[in-house]
Amino acid sequence: MAFDLKINGQNRQVEAEPGTPLLWVIRDELDLTGTKFGCGVASCGACTVHVDGEPTRSCMTFVEDVQGSDVQTIEGLDGPVAKAVQDAWNELDVVQCGYCQSGQIMSAVGLLSGNPKPSDEDIDDYMSGNACRCATYKRIRAAIHHAAGTLEG
Amino acid sequence: MTIQTNRRNFLKGSAAAATALVIGLNSRGVLAAGSSGAQLNPFVKIGSDGTLTVVVKHFEMGQGTTTGLTTLIAEELDVDWDSVKHEFAPADGKKYANLLFGAQGTGGSTAMANSYKQYRQAGAAAREILIQAAAQKWNVDPETVTIESGILTSGDKKAHFGEVAEIASTIEPSKEPRIKGNADLKLIGNPNLSRKDGYGKTNGSAQFAMDVKVPGMVYAAVIHSPKFGGKLTSFDAAEAKSVAGFIDAKAMPNNAGIVVYGKNTWAIKQAKDAIVAEWDFTQAETRSSDIMIAEHLKLLEEPQYSATKTTDFKATTAAIDSSEQSVEAEFVFPFLAHAPMEPLNCVIEPTETGVRVHDGCQFPGLTQPTVAAITGLKPEQVEINTVFAGGSFGRRANPTSDYQAEAAMAFAMLGGKTPIKMVWMREDDIQGGYFRPMAAHRVKVGIDDKGKIAGWDHRIAAKSIMKGTALESFAVHDGVDHSSVEGISDTHYGIPGFSLGLSDFVSPVSVLWWRSVGHTHTAFALESAIDMVAEKAGRDPVEFRLELLAGGDADQQRLSDVLKLAAEKSGWDDPLPEGRGRGVALHKSFGSYVAEVIEVSLNDGAIKIEKVTCAVDCGIPVNPDVIKAQMEGGIGYGLGAAMRNQITFTDGLVDQDNFPTYEPIRMSDMPDIDVHIVPSTIAPTGVGEPGTPPSAPALANAIKAATGLRVTRLPLAENGVEFA
Numbered sequence: 003m004a005f006d007l008k009i010n011g012q013n014r015q016v017e018a019e020p021g022t023p024l025l026w027v028i029r030d031e032l033d034l035t036g037t038k039f040g041c042g043v044a045s046c047g048a049c050t051v052h053v054d055g056e057p058t059r060s061c062m063t064f065v066e067d068v069q070g071s072d073v074q075t076i077e078g079l080d081g082p083v084a085k086a087v088q089d090a091w092n093e094l095d096v097v098q099c100g101y102c103q104s105g106q107i108m109s110a111v112g113l114l115s116g117n118p119k120p121s122d123e124d125i126d127d128y129m130s131g132n133a134c135r136c137a138t139y140k141r142i143r144a145a146i147h148h149a150a151g152t153l154e155g
Numbered sequence: 019m020t021i022q023t024n025r026r027n028f029l030k031g032s033a034a035a036a037t038a039l040v041i042g043l044n045s046r047g048v049l050a051a052g053s054s055g056a057q058l059n060p061f062v063k064i065g066s067d068g069t070l071t072v073v074v075k076h077f078e079m080g081q082g083t084t085t086g087l088t089t090l091i092a093e094e095l096d097v098d099w100d101s102v103k104h105e106f107a108p109a110d111g112k113k114y115a116n117l118l119f120g121a122q123g124t125g126g127s128t129a130m131a132n133s134y135k136q137y138r139q140a141g142a143a144a145r146e147i148l149i150q151a152a153a154q155k156w157n158v159d160p161e162t163v164t165i166e167s168g169i170l171t172s173g174d175k176k177a178h179f180g181e182v183a184e185i186a187s188t189i190e191p192s193k194e195p196r197i198k199g200n201a202d203l204k205l206i207g208n209p210n211l212s213r214k215d216g217y218g219k220t221n222g223s224a225q226f227a228m229d230v231k232v233p234g235m236v237y238a239a240v241i242h243s244p245k246f247g248g249k250l251t252s253f254d255a256a257e258a259k260s261v262a263g264f265i266d267a268k269a270m271p272n273n274a275g276i277v278v279y280g281k282n283t284w285a286i287k288q289a290k291d292a293i294v295a296e297w298d299f300t301q302a303e304t305r306s307s308d309i310m311i312a313e314h315l316k317l318l319e320e321p322q323y324s325a326t327k328t329t330d331f332k333a334t335t336a337a338i339d340s341s342e343q344s345v346e347a348e349f350v351f352p353f354l355a356h357a358p359m360e361p362l363n364c365v366i367e368p369t370e371t372g373v374r375v376h377d378g379c380q381f382p383g384l385t386q387p388t389v390a391a392i393t394g395l396k397p398e399q400v401e402i403n404t405v406f407a408g409g410s411f412g413r414r415a416n417p418t419s420d421y422q423a424e425a426a427m428a429f430a431m432l433g434g435k436t437p438i439k440m441v442w443m444r445e446d447d448i449q450g451g452y453f454r455p456m457a458a459h460r461v462k463v464g465i466d467d468k469g470k471i472a473g474w475d476h477r478i479a480a481k482s483i484m485k486g487t488a489l490e491s492f493a494v495h496d497g498v499d500h501s502s503v504e505g506i507s508d509t510h511y512g513i514p515g516f517s518l519g520l521s522d523f524v525s526p527v528s529v530l531w532w533r534s535v536g537h538t539h540t541a542f543a544l545e546s547a548i549d550m551v552a553e554k555a556g557r558d559p560v561e562f563r564l565e566l567l568a569g570g571d572a573d574q575q576r577l578s579d580v581l582k583l584a585a586e587k588s589g590w591d592d593p594l595p596e597g598r599g600r601g602v603a604l605h606k607s608f609g610s611y612v613a614e615v616i617e618v619s620l621n622d623g624a625i626k627i628e629k630v631t632c633a634v635d636c637g638i639p640v641n642p643d644v645i646k647a648q649m650e651g652g653i654g655y656g657l658g659a660a661m662r663n664q665i666t667f668t669d670g671l672v673d674q675d676n677f678p679t680y681e682p683i684r685m686s687d688m689p690d691i692d693v694h695i696v697p698s699t700i701a702p703t704g705v706g707e708p709g710t711p712p713s714a715p716a717l718a719n720a721i722k723a724a725t726g727l728r729v730t731r732l733p734l735a736e737n738g739v740e741f742a
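Chains as they are written, first to last, in the numbering used here: chain A, 3 to 155; chain B, 19 to 742.
For the record, the hints were derived by calculation from the structure and aren't laboratory data. It should be emphasised that the depicted structure is a prediction, and the values quoted were computed from it without experimental measurement. Just so you know, nobody snuck in bad clues.
Lysine-lysine pairs mimicking DSBU-like chemistry, simulated, CA-CA at most 35 Å apart:
| id | chain 1 | residue 1 | chain 2 | residue 2 |
| --- | --- | --- | --- | --- |
| 1 | B | Lys332 | B | Lys722 |
| 2 | A | Lys8 | B | Lys231 |
| 3 | A | Lys8 | B | Lys281 |
| 4 | A | Lys85 | B | Lys231 |
| 5 | B | Lys259 | A | Lys8 |
| 6 | A | Lys85 | B | Lys204 |
| 7 | A | Lys119 | B | Lys587 |
| 8 | B | Lys629 | A | Lys119 |
| 9 | B | Lys629 | A | Lys85 |
I would like the entire structure built from these sequences, with the hints used as guidance.
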């Protein structure tokens, strides 16, 4: 059946079965492949998108539940917090394989949007749902602090 | 994989590749008509606007090849770092072989080691002919032509590379082009070069195979036997028919599984779960982990093979029996899954001349012939489009090219006309085998009245990774699979009365190299046992190791140096407050020397890993920041597995299925890591794997120091250690 979605500020109509995870609608139907499939059980965070500004695991979110919501993917990430985070990631060369990093960045933007100056402990708590098998965590932590510093001015 | 001891054999089989270290000087040529750029050799492309594109022969799984190999050529050509582009090489074993393997592929932490001279020479050769071309164009002496920031200059004449590339492509470079002297290096050793793959991986634009979509593509998943070695007897897909987007399900011709076809990934996932299959388990693994462990321990009693030339168990036993004191320990290691972040997948599509495979392809030299054989093509008809790989840790370098072979089979079974995207779910990955083998070690050490080692009896049991594969003849000698004993059979500690035995565990469970291969267990057993001996002898662990390395050879010197550096930087000799403990471990692997000191804290009985101090000697540090990143990641990978990862079996069924039961290391587990690189002018060696081996034993030694508990079975969390 048809669903009307708002993705990255654009209205998009997609054909999907009710119960289809938002992840697969985004990736297979809308070809927005920056959002990644890692586990399918909301355990790794690679599929993190923003739904009305809140970091959300798209692999466990049904397409019917985001009608009327604002969905933002890594491709549509915009604004000063996003820029500070992405710049910090590049400045500190956080990435290795890079497959989890869209999700890491979506979560980091979520963290800094609600908590402009997180402690190490805040970061550990907030980011623990985002797995990185390359274990780039040390640099992710540092990059979040770096971005917080940039935003503080 | 480690093939160090057998590299010569590999080279024999590929004399052409070896002598042409070299750059395939005959493959120059002007690019497609209409372009005024040129490919000056297999590794150097010049665009019409002068842009340098480096052709990278090793895939990028995060280890930094797109940065590292690009650095080497950009250095020789004096190009601004930010302007250099890169692309992955096509499948072509003649031009792009790994010079240490004699075939095109990445592994064994060899990407920089085998490419260093080749890529620098390719850059130097291109520089030479670009300068000559400019001299020709301007009718000046080549000696007057200089290059700065990618611009050729002579007097008041200036040109970018693109303006002389066509002329350059007609000039024959000298056989041994002169590379820069160390004093002139600007990019090699520069700690401030940004990663080449960083930007695309922070905005979602980087393309992994999972992101590839071609017109008319059908999605495919495979249902594998739930027990290793099982064969499909029948299946019922009735329930799958009600899944929207389900297309069909077909038994694979070898009865290894069922291919499920669908219109999208969600359809194949649901259909896969809805299909009921029956299997013949007559030849399958049906044992449980506790039985497998007991069988490994039993195999230690009578080693099948002597793993060193000097092994003499009778003499060793006599030496131990007549010693003042002795230490004895049994070590047990579980099967481990690699669990790269990107579940295994690839796309195969028909072309006019054959097929094209889009893959984060680690070993084109194996994948190309494998796909060709299944699809009835010649290897050269199989084109490989290498894209970014979302991690590997060894999993994608598979002698059977398992997931690519499944994609080729699924493609052929559908008639060979429809593009197929083969996707493994995370459950397929965790339960799909090619695990780090389970292993057991037994160590007995005699200590004389002066506190010195008198004899060391070491036995290992593990399933061989190499036996039965195409690599057997290279890696197995006199029955000993080097990858089962590496790190101990070739230890640089001067240990008198040393005997090493090996027995092969036999099982249908498939096994494979896992980041640092045999060193994953040998370093743990050896470095734990060294600490146990030092403690028994009343010696400081660092001092004791240095004494065992006092023989004066170059390896011992480099090991001693990294050990001293890590000890110094970690404040090894400074007293620790109550509730803290430090542990050290030292190991050489893949030609690199790494020492790690780990500090842990103990609060309410729970261990927290506070800090890791790492010292590494990997020869010339080409990209210091990439080296640091690989040490950080290699340490994290090793610590996570040591803390809590295991693949276990109940009656042949894998007990774990996804991250909730195979919990990866998380942000909150990650310690601070401080990496120190030893300056060097020796040829570079690997960094992708060598950070991993010392991490687990350094942690176990730190836990012993903090709690008094000596843990010799992994994972630690299942064997008496509570983590905060």
